[in-house]
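Protein chains: 2
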Amino acid sequence: MLNITAAYTDLYQLTMAQVYFKTKPDGTAIFDYYFRRIPFKGGYAIFTGLKNVLEILENLEFSDSDIAYLETHNFEPSFLEYLKKFRFQGSVYSSMEGDVVFPNRPILQVEANIIEAQIVETLLLNLLNFQTLVATKASRIRHSAFNNILLDMGLRRAHATGGYYATRAAFIGGFDSTSNVKAAEDFDIPCSGTMAHSFIQSYGDELEAFRDFARIRPINCVLLVDTYNTLKSGLPNAITVAHEMESRGDRLFGVRLDSGDLAYLAKKTRQLLNDANLEYVKIVASNQLDEYVINSLKEQGAPIDVYGVGTELVTGKPDASLDGVYKLSEYNGDPRIKLSENILKISLPSKKQVFRMLDENGMFYGADAIALASEGAINKMMHPFDRTKNLDLTRFQHEPLLKKVMESGKRLLPIQSTAEIAEYSKSRLTLLPPEYKRFQNPHIYKVGLSPNLKEERDKLIDAHKF
Amino acid sequence: MLNITAAYTDLYQLTMAQVYFKTKPDGTAIFDYYFRRIPFKGGYAIFTGLKNVLEILENLEFSDSDIAYLETHNFEPSFLEYLKKFRFQGSVYSSMEGDVVFPNRPILQVEANIIEAQIVETLLLNLLNFQTLVATKASRIRHSAFNNILLDMGLRRAHATGGYYATRAAFIGGFDSTSNVKAAEDFDIPCSGTMAHSFIQSYGDELEAFRDFARIRPINCVLLVDTYNTLKSGLPNAITVAHEMESRGDRLFGVRLDSGDLAYLAKKTRQLLNDANLEYVKIVASNQLDEYVINSLKEQGAPIDVYGVGTELVTGKPDASLDGVYKLSEYNGDPRIKLSENILKISLPSKKQVFRMLDENGMFYGADAIALASEGAINKMMHPFDRTKNLDLTRFQHEPLLKKVMESGKRLLPIQSTAEIAEYSKSRLTLLPPEYKRFQNPHIYKVGLSPNLKEERDKLIDAHKF
Numbered sequence: 001m002l003n004i005t006a007a008y009t010d011l012y013q014l015t016m017a018q019v020y021f022k023t024k025p026d027g028t029a030i031f032d033y034y035f036r037r038i039p040f041k042g043g044y045a046i047f048t049g050l051k052n053v054l055e056i057l058e059n060l061e062f063s064d065s066d067i068a069y070l071e072t073h074n075f076e077p078s079f080l081e082y083l084k085k086f087r088f089q090g091s092v093y094s095s096m097e098g099d100v101v102f103p104n105r106p107i108l109q110v111e112a113n114i115i116e117a118q119i120v121e122t123l124l125l126n127l128l129n130f131q132t133l134v135a136t137k138a139s140r141i142r143h144s145a146f147n148n149i150l151l152d153m154g155l156r157r158a159h160a161t162g163g164y165y166a167t168r169a170a171f172i173g174g175f176d177s178t179s180n181v182k183a184a185e186d187f188d189i190p191c192s193g194t195m196a197h198s199f200i201q202s203y204g205d206e207l208e209a210f211r212d213f214a215r216i217r218p219i220n221c222v223l224l225v226d227t228y229n230t231l232k233s234g235l236p237n238a239i240t241v242a243h244e245m246e247s248r249g250d251r252l253f254g255v256r257l258d259s260g261d262l263a264y265l266a267k268k269t270r271q272l273l274n275d276a277n278l279e280y281v282k283i284v285a286s287n288q289l290d291e292y293v294i295n296s297l298k299e300q301g302a303p304i305d306v307y308g309v310g311t312e313l314v315t316g317k318p319d320a321s322l323d324g325v326y327k328l329s330e331y332n333g334d335p336r337i338k339l340s341e342n343i344l345k346i347s348l349p350s351k352k353q354v355f356r357m358l359d360e361n362g363m364f365y366g367a368d369a370i371a372l373a374s375e376g377a378i379n380k381m382m383h384p385f386d387r388t389k390n391l392d393l394t395r396f397q398h399e400p401l402l403k404k405v406m407e408s409g410k411r412l413l414p415i416q417s418t419a420e421i422a423e424y425s426k427s428r429l430t431l432l433p434p435e436y437k438r439f440q441n442p443h444i445y446k447v448g449l450s451p452n453l454k455e456e457r458d459k460l461i462d463a464h465k466f
Numbered sequence: 001m002l003n004i005t006a007a008y009t010d011l012y013q014l015t016m017a018q019v020y021f022k023t024k025p026d027g028t029a030i031f032d033y034y035f036r037r038i039p040f041k042g043g044y045a046i047f048t049g050l051k052n053v054l055e056i057l058e059n060l061e062f063s064d065s066d067i068a069y070l071e072t073h074n075f076e077p078s079f080l081e082y083l084k085k086f087r088f089q090g091s092v093y094s095s096m097e098g099d100v101v102f103p104n105r106p107i108l109q110v111e112a113n114i115i116e117a118q119i120v121e122t123l124l125l126n127l128l129n130f131q132t133l134v135a136t137k138a139s140r141i142r143h144s145a146f147n148n149i150l151l152d153m154g155l156r157r158a159h160a161t162g163g164y165y166a167t168r169a170a171f172i173g174g175f176d177s178t179s180n181v182k183a184a185e186d187f188d189i190p191c192s193g194t195m196a197h198s199f200i201q202s203y204g205d206e207l208e209a210f211r212d213f214a215r216i217r218p219i220n221c222v223l224l225v226d227t228y229n230t231l232k233s234g235l236p237n238a239i240t241v242a243h244e245m246e247s248r249g250d251r252l253f254g255v256r257l258d259s260g261d262l263a264y265l266a267k268k269t270r271q272l273l274n275d276a277n278l279e280y281v282k283i284v285a286s287n288q289l290d291e292y293v294i295n296s297l298k299e300q301g302a303p304i305d306v307y308g309v310g311t312e313l314v315t316g317k318p319d320a321s322l323d324g325v326y327k328l329s330e331y332n333g334d335p336r337i338k339l340s341e342n343i344l345k346i347s348l349p350s351k352k353q354v355f356r357m358l359d360e361n362g363m364f365y366g367a368d369a370i371a372l373a374s375e376g377a378i379n380k381m382m383h384p385f386d387r388t389k390n391l392d393l394t395r396f397q398h399e400p401l402l403k404k405v406m407e408s409g410k411r412l413l414p415i416q417s418t419a420e421i422a423e424y425s426k427s428r429l430t431l432l433p434p435e436y437k438r439f440q441n442p443h444i445y446k447v448g449l450s451p452n453l454k455e456e457r458d459k460l461i462d463a464h465k466f
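Listed in order, the protein sequences are those of chains A and B.
Residue numbering for the first sequence follows my numbering, starting at 1 and increasing by one per position.
Residue numbering for the second sequence follows my numbering, starting at 1 and increasing by one per position.
Honestly, the hints are just simulated from the structure, not real lab data.
Any given hint could be a false lead.
Pairs involving identical chains hold if they fit within one copy or between any two copies, as the list cannot separate such chains.
[Said to hold, decoys possible] Under the rule of at most 27 Å between Cα atoms (straight-line distance), these lysine-lysine pairs were calculated in the BS3-like manner:
no., residue 1, residue 2
1, K84, K268
2, K84, K22
3, K465, K267
4, K41, K410
5, K282, K268
6, K404, K267
7, K268, K345
Since the model is a prediction, treat every value here as computed from it, not as a measurement.
Excised from the complex, chain A in its bound form (with noise of 0.2 Å):
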């Protein structure tokens, strides 16, 4: 089974990192985090997976093992006793965990001697931008669903292991509880789940397996109507043993709808169990759901309670990755570019904080300035590359994004539940306003740099201009 230890990494790390370990053994490197796109043609994203990083930052080594597979690649020795004894004792700056976050700014920097912020490079960007990724898709789900009850029920389909993770960036982003057991117990997320068709198979006869189940199970209980016909079977039985939990004391939870017109079919079933006397079920749907199919119910006002939501969840369909990269920006104190031919791509040198502006009444203006770190106060930002666009930043307050969190390989962060964190996307949610929320074309929040980073950059630019 899979052990994260500082094996978990691209070979080519270590190859650098001896090189570097011949050659410049005490340089000190800044990377930045950040991606570049946000997914799902959206207008914001979440930004997610911070603790986990951590947490495994404080305690990444080398395993014997790792050591003794390393020891078959060419490794000099010199450099594997170096890493037998390898410890990250770098610094880490980031905005906090479960903010919203935009493209082409540093979300998170490393500041670490360089072989240590190598090594660490894949792992951070496997951790952060799945989480990313799934966080921001299930706050687009969220949105879509208003203050109905989300269950994530992706576990099968998710990418083996990666679906643990995905649960926990899932309640990040706004679900409510998850079906998925192990995650449930080790980030501390509510637990919840109905039942399979397997069960009623099983029985053959429906409504003794209704029976059985709400008997035994009568907490939360959900009984699954589609098994052989939701409307003449499934509907009528789950009514039968409603009325027949009333007579106990008990009552019934809901009815899961899985297959058909989603629809059509709650419309129906909210009839048929309001004419049973049976308005507290709750309805609960399910099957290949998110948040644009959400969307649509809601327009047709189908009277559904709980949606249980999988694949789209879990994958972050259909973007299915976050292209989130770490870039060299500052080499032992020397500021760093990386040209391309796409101007987009070209880094930002130098460590840097950025700057959110919060209008008069503290809500998100629509701006991040991002400036040299050793700057103070700023009053302009530039766009990054239109000279003919500009603005003012004296009328706004200044919120300064990146924390130090970690500083010689040690946690400063107090270690924050995985509800609070929730909590926080919330209140940070709210404040970004509904224009950069919605589906369709979201507008744009704006990203610049302060005069003397765009300067920094263009001098560098000019310098390696061919």
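Given the structure of chain A, go ahead and fit chain B onto it with the hints provided.
The following block gives chain B in isolation, referenced to the frame of chain A:
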């Protein structure tokens, strides 16, 4: 960190299990694992993940902390006592890992106490769906790349620790090596890598960076040439270093293109390398590659020797999931069925065997016939729903595909290395005619039912009809 225990499941498995425990603790169930739709609009899939599943099943139990957690979820003490002693003691019948498989036929069958069979469902689906998806994607990329070298470098964009299994599946599907050190170590897969832009950026001077790297890591040395300008800087510097290596008796393995128009740059690069008498230096290309991009590069005559593939491979884009399901087909010896308004979703009852038809040359004819396990030879197969279609099977060799791979919770299969599984997969794929492998409208492989199985299924459909 995640430890896969029996709590790696959906809560409803345990809820149902408690009801089984109270009402029919000795029931025996057969469940079928199969998928309904071939991913990527392709003509076949590569079944992967079996070894991991069997290894986990053999050692599966609830940890003490799992039990403590479940105590807070309204489970009865007697059932929790049962869970403490839980072990999977069932049998598993399966296609061999790496085999070419098709939709709507059992790929794996579990025969076990119904509680055990139910609890392991999520785990099986989670590991088999994802690895089969990625191995299938890898197989398609292999098809497009012919005999070129294929390198998996997707860990940073993989779904967190799911990337560990993605690497394994990619290798079984036809990749040559991976950048993922941990997966390479644990699954015994060749590991390789190049260098990152950060390495060159840390030097500032590209030529000096190349020199140090080539001197310290001369074996399989690949220089990344696009940090500043591929043709005007990276390549001339790489050529200088290649000649310096020659003077020391070393040889540059390759240069890597990671941006820009790969077809154009590869041609220019080949020409410049050849003009410098460096015909042996290989061209490695990466940047958002998939089977279609590689196809197109081939069509344009791009002289690329090695393809590095990341995101599209490890996330199984654009599908990002395989729709594999696990359906009850028999309970205590009685056949069971799940109906659906969608005729294609109706399940197949009873314990079954699947026969693959081989032609006179031992090639796959293009038909798998599903029969009752109790049947001996079958001489005809029927289309699942179209009464007008059937196929005479008397002229074929019949290869039984489901083998008993686990009995009483113990593995029966000899333990194979990942390389052996990959080799088997390749040998099986060789037997599949090319018309099933093409990307555009591949030929549809027939999956049919024995007359007896069809009769049994239809009887059950009639019995449950409304």
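- Query: Which of the listed hints are not met by the structure?
  - Reply: 1, 4 and 6
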